[in-house]
Amino acid sequence: MKAVAHMQQGEVVDFDAKLATYAARLSLQARLPLADSIVYATARVREAILWTQDKDFEGLDKVKYVAKKKGAK
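Throughout the sequence shown, residue numbering follows my numbering, covering 1 to 73 in sequence.
Hints are not guaranteed to be accurate.
Derived lysine-lysine pairs resembling DSS-like cross-links, with alpha carbons at most 25 Å apart [said to hold, decoys possible]: (1) K18 x K2; (2) K55 x K69; (3) K62 x K18.
Just so you know, the hints here were simulated from the structure itself, not pulled from any lab data.
Given these sequences and hints, build the entire structure.
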């Protein structure tokens with residue numbers, strides 16, 4: 001239930017043409033899959049730090065990558 005409470009504090013961001021174009025550019029520059037580039041572009045536009053366990057983001061600016069523990073799914 002705590003997770004749901006935290007998610008409800010979130011904000012919905014419109015995926016407009018400007019964000020789509022930025023995501024496409026980041027996808028090419030950082031060699032990110034499309035969905036990852038949308039997440040990354042949204043974080044950058046919102047001036048947020050992206051916390052993730054997705055190795056695709058490792059080493060990118062304004063990303064806090066935490067490797068998964070061995071055996072975790």
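Hints and how they fare:
Distance hint between K18 and K2 is unfulfilled; the C-alpha atoms sit about 34 Å from each other, more than 25 Å. About 12 Å separates the Cα atoms of K55 and K69, which keeps this hinted pair within 25 Å; it holds. Proximity of K62 to K18 is assessed by CA-CA distance (about 20 Å); at most 25 Å being required, the pair is judged to hold.
In summary, the structure is inconsistent with hint 1 from the numbered list given earlier, while agreeing with all the others.
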